[in-house]
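Trainee: Each chain, letter by letter, is given below.
Protein chains: 2
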Amino acid sequence: MGSFYSHWRIRVVNELSVEEAAIVLLPDHGCSIIAGDRGDSPPILRRNGQRQSSSCKFRETEVMAAKDRFHAAVRIALEKEQWKITDDPLRLEVGGTKFEIDLGAEQLLAAERDQEKIAVEIKTFLSDSPLTDYHAALGQFLNYRLALEISDPTRLLYLAVPMVTYEVFFKREFAQLSLERYQIKQIIYDPIQEVIVQWIP
Amino acid sequence: MGSFYSHWRIRVVNELSVEEAAIVLLPDHGCSIIAGDRGDSPPILRRNGQRQSSSCKFRETEVMAAKDRFHAAVRIALEKEQWKITDDPLRLEVGGTKFEIDLGAEQLLAAERDQEKIAVEIKTFLSDSPLTDYHAALGQFLNYRLALEISDPTRLLYLAVPMVTYEVFFKREFAQLSLERYQIKQIIYDPIQEVIVQWIP
Chain R
1 MGSFYSHWRI RVVNELSVEE AAIVLLPDHG CSIIAGDRGD SPPILRRNGQ
51 RQSSSCKFRE TEVMAAKDRF HAAVRIALEK EQWKITDDPL RLEVGGTKFE
101 IDLGAEQLLA AERDQEKIAV EIKTFLSDSP LTDYHAALGQ FLNYRLALEI
151 SDPTRLLYLA VPMVTYEVFF KREFAQLSLE RYQIKQIIYD PIQEVIVQWI
201 P
Chain F
202 MGSFYSHWRI RVVNELSVEE AAIVLLPDHG CSIIAGDRGD SPPILRRNGQ
252 RQSSSCKFRE TEVMAAKDRF HAAVRIALEK EQWKITDDPL RLEVGGTKFE
302 IDLGAEQLLA AERDQEKIAV EIKTFLSDSP LTDYHAALGQ FLNYRLALEI
352 SDPTRLLYLA VPMVTYEVFF KREFAQLSLE RYQIKQIIYD PIQEVIVQWI
402 P
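So the protein lines, in turn, are chains R and F. Residue numbering for the first sequence follows our numbering, beginning at 1 and increasing consecutively. Residue numbering for the second sequence follows our numbering, beginning at 202 and increasing consecutively.
Calculated from the structure, these hints are not laboratory results. There's no promise every hint is true.
To be verified - Here are the simulated lysine-lysine pairs, DSS-like style, with alpha carbons at most 25 Å apart:
#, chain 1, residue 1, chain 2, residue 2
1, R, K84, R, K171
2, R, K117, R, K80
3, R, K171, F, K299
4, R, K117, R, K84
5, F, K285, F, K386
6, F, K285, R, K98
Because the structure is a prediction, the values reported are computed rather than measured.
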């Protein structure tokens with residue numbers, strides 16, 4: 001699958017060092033490592049060995065490439081567990097609303113194993129704010145779950161979350177409260193090893 | 202408040218003419234009218250009287266200016282109905298999560314009248330996809346409502362929706378189902394007249 005690089009993002013917000021880590025898989029395009037120091041000192045970001053200023057954002061093309069890679073990783077991870085991918089993307093239409101023209105939202109895939117049918121929303125959490133990414137993921141999840149209840153009620157919807165985002169963001173108290181309140185089934189995946197680490201039904 | 206212009210967006214998706222309308226308020230900067238033909242013919246978009254190609258997107262600065270204007274319009278509309286704006290933005294912190302550093306999300310404002318306390322999420326729906334905007338608005342709304350339940354349980358949360366978006370998008374069957382399922386209280390506002398057209402509790 002070509003090479004990839006690891007990435008640590010560090011933001012300083014209100015004098016609190018907010019550390020976030022994400023591992024991004026990209027085809028080789030000359031980038032190597034972006035690294036940041038932990039702790040109370042100001043973050044030091046490096047890209048291709050060069051020290052960066054206070055932030056180091058992804059380029060749009062990198063985000064798109066990473067999205068494709070994460071998507072492929074989840075597909076492969078499901079297939080390793082004997083799921084058969086049946087629809088990628090999964091097309092839905094409910095009450096005159098076509099969900100495949102839902103520009104900017106994550107596309108779902110559908111899979112089956114024995115008598116089980118699932119749909120998976122694959123989220124990469126690559127923006128500067130995992131909370132804002134989670135708002136968007138939650139709203140999309142709840143709208144798609146509602147659409148599935150009407151059009152395909154035996155199919156269970158899961159939110160696929162990268163392992164590092166799960167550790168860094170979803171274990172916080174508020175995120176746990178929200179996941180529980182809205183009954184969000186999750187698949188925690190490792191985008192590098194291309195395996196599912198945990199099913200949270 | 203300076204001048205403003207009206208705007209009609211028209212997208213052609215899968216040979217279906219999907220029409221969307223939005224009214225945008227901007228300080229005078231030389232733009233006048235963007236208009237599109239209705240019906241089955243290909244859309245004709247004009248900006249400053251000049252015919253445009255197939256799409257005519259907002260510039261980032263226009264979106265930011267429009268956001269500020271919509272925000273100001275809702276404030277003024279609430280004040281016209283004797284609400285007192287008490288917090289703009291409203292700051293929340295629950296379980297270690299500070300919502301004011303929620304980059305990219307809409308900021309809430311808080312208002313009071315007599316014994317009533319509300320919080321309002323002001324959404325502009327300016328992207329190419331009102332459905333994707335709605336996912337983000339819904340997720341943010343539900344997370345903020347959950348945060349308010351914990352930190353300020355007597356305050357009711359409303360989603361402020363521009364009148365035209367309400368007519369064009371929210372009256373569709375699926376959007377109605379979703380609003381009802383997730384019990385989203387709405388304020389429908391007219392951003393030009395700066396009035397609240399309807400409260401949907």
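Trainee: Run the distance test for K285(F) versus K386(F): straight-line Cα separation, threshold 25 Å.
Mentor: Satisfied, since the Cα-Cα distance of roughly 19 Å is no more than 25 Å.
Trainee: Holds or violated: K117(R) and K84(R), Cα atoms, limit 25 Å.
Mentor: Holds: K117(R) and K84(R) sit about 10 Å apart, inside 25 Å.
Trainee: Measure nothing beyond the straight line between the CA atoms of K171(R) and K299(F); if it is 25 Å or shorter, mark the hint as holding.
Mentor: It holds: about 15 Å lies between the C-alpha atoms, which stays within 25 Å.
Trainee: Given the hint that K285(F) pairs with K98(R), does the C-alpha gap stay at or below 25 Å?
Mentor: violated (41 Å)
Trainee: Holds or violated: are the alpha carbons of K84(R) and K171(R) at most 25 Å from each other?
Mentor: violated (30 Å)
Trainee: Does the structure keep K117(R) and K80(R) at a Cα separation of 25 Å or less?
Mentor: Status holds; Cα separation ~16 Å.
In this structure, the earlier hints numbered 1 and 6 are contradicted, and the remaining ones agree with it.
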